[in-house]
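K.L.:
Protein chains in written order, with this note's numbering: chain F, 1 to 407; chain A, 1 to 167.
Just so you know, the hints here were simulated from the structure itself, not pulled from any lab data. Where a beta carbon is used, it is the ideal one built from N, C-alpha and C, also for glycine. A hint or two may mislead.
[Stated by the list, open to error] Stretch by stretch, here's where chain F covers chain A in the computed footprint (C-beta under 8 Å, at least three residues):
1) 51-61
2) 104-117
3) 130-140
[Unchecked claim] Quick list of in silico lysine-lysine cross-link-like pairs, PhoX-like style, CA-CA up to 25 Å:
4) K42/A / K221/F
5) K45/A / K89/A
6) K98/F / K89/A
7) K258/F / K245/F
8) K245/F / K45/A
Each chain, written out:
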Amino acid sequence: MPLETLERVGLEQSEEKDFLWTLNFGPQHPATHTTLRLILTLDGETIVKAVPDIGYLHSGFEKLGEHLDFNQYVTIVDRMNYISPVANEIAWHHAVEKLLGIEITPRCKYIRTIFAELMRIHDHLLCCGAAALDLGGFTAFLYAFNQREKIYDISETASGQRFHPSYTRVGGLLRDIDDDWIAQVRAFVRDFPKAHADVCRLLNRNRIFIDRTRGIGILSKEEAINWSCTGPIARASGVTRDLRKDEPYLAYPDLDFKVICAVTGDCMSRYLVRMDEMLESIKIIEQAIENLPSGPINVDVNDKVVVPNQQAVYRSIEGLIQHFELFMTNRQWQTPVDEVYGAIESPNGELGFYVVADGTGVAYRARTRPPSFIHFAVFPLLMVGHQVSDVVAVLGSLNIIAAELDR
Amino acid sequence: MTYDESLKQLRERFGADSVATSEFRDNRRVHVASDKLFPTLKYLKEACGFDLLAELSGADYLHYPDAKDRYGVWYILVNTNDGARIVVKTFVNDPDPRLPSVYSLWHGADWMEREVFDMYGVVFEGHPDLRRILMPEEFTAYPLRKDYPMRGRGERHNFPELTRAEG
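Using the sequences and the hints, build the whole thing.
P.N.:
This is how it looks when you write it as structure tokens:
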């Protein structure tokens, strides 16, 4: 395939153009983080054309979504953006609950909100830490990962799993949180600003970091909208759009926070937007954890959508019937024969699921709107005219997660 | 411009019976025939301010209850000024599922259209670079079609077997 590349990019390999040469970047390269491949056409060290070649990690998640029920598929969406797994779970069950017409309980809303914001910090820490790592700043990366470890511990306390918690369920959560979890979140809220300040002090005025990121990979506001960008990438270009404010879901209407925007749209402003969003997330977590409502985490068992707990199954006939109903493959959920799109503001941008339902408990079509996929399409546009060494800076600032990119 | 105003304008522009609508929860949908798709989307973008193509994908309605057409493709548009959302939906059929490409309106459609082509075989006319995106180029089937099995012998026969010496 590399041999055809020049033809495909529309450059004749003629006398005049024979100074151009092709560089294959990836799919196995330490700076691509995951399995990405770029075919770069170079003039000296300047990039004339970048052609991404994706699909190395394609594993048919959406096909699986048509064969697993609403609760089983949560283990698969976990593995899409594995950097912020619970955000994917929340998005998936947000769409499913919209389809079923369920209003989840206030306590569940708050716990999900706290998790969604922890995941935003989780994702941004990786993005900012790895951006520094690729540009040669190893210490900031370690400071960031030290805090990510705390979030893994919080996930483990809540669900028993660090990496892929599968914590949400239709109409509720796997299980309620305990005092230990609340103490851990409070400790995180207390300690995080210091670590954040450390990373800021290492990078924000760092001469090398600024030289490598300022003015690199500029995405204008018009381009950002035209190329369907959302999330921190669009906000760094001046698009003041955040689904938490525009289409409020979960507990966000009750909470006070700001939407962080920048105007330049280069790698530096994408980094700065992410850094500031983390502090806003901490504000949200702090408000939510101190105002955590009491009450049940699941919707009422008589609504026939939520898996009953062990006590209800063993001690009551309703619970037993309900348990059978949801787990027998010919019963399950009774959905409307219709389709719905539900989206949340995931750390990377708008993460939506378009669920087509045919009346059974298995989605007829479970389409993911993956932010990484859409943002990676912009990459060729951002790269033209830059140096080879800028590839890693732009790639790091777009935060492409290949598992979500290829699904 | 809000959904209702846009709908009113669409009806004035294209005739009252050419624009069918449906609603479910907060999703408001406009159903258009595939030949009216491009003018409708162009009008929505240019006159009604829907400047962000948030999502474009499709589904195969082969076994869907009461479905008359085979492939459905949806376009979810957002007005970034007031946050209004609209779903435009259209259907195409075998043997030659074709739709006009909206790459000229939203460049974001580039990869999303390629993915629909890759997964369902819907051809987008006017797309600058319509190739497979997730599956290998040698792949011959469309894996998200409902007549493509989830489990089976696989696609091994589609790829040449190389020995270590040849590779």
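K.L.:
Hint by hint, note whether the structure agrees.
P.N.:
Quick rundown of the hints versus the structure:
Counting residues of the stretch 51-61 of chain A whose CB lies closer than 8 Å to any CB of chain F gives 8, so the stated coverage by that chain holds, three being the minimum. With 8 residues having a Cβ less than 8 Å from any Cβ of chain F, the stretch 104-117 of chain A passes the three-residue criterion, so the hint holds. Coverage of the stretch 130-140 of chain A by chain F holds. Counting CB-CB distances below 8 Å, 6 residues qualify, and the rule asks for three or more. For the hint linking K42/A to K221/F, the alpha-carbon distance of about 20 Å falls within 25 Å, and the restraint holds.
Taking the CA atoms of K45/A and K89/A, the gap is about 15 Å. The hint holds against a cut of 25 Å. Between K98/F and K89/A the alpha-carbon distance is near 19 Å, which keeps this suggested pair within the 25 Å criterion. A C-alpha spacing of about 9 Å is found between K258/F and K245/F, which places the hinted pair at or below 25 Å, so the restraint holds. Annotation: proposed proximity of K245/F to K45/A holds, straight-line Cα distance about 23 Å (limit 25 Å).
In the structure shown, no violation is registered for any of the earlier numbered hints.
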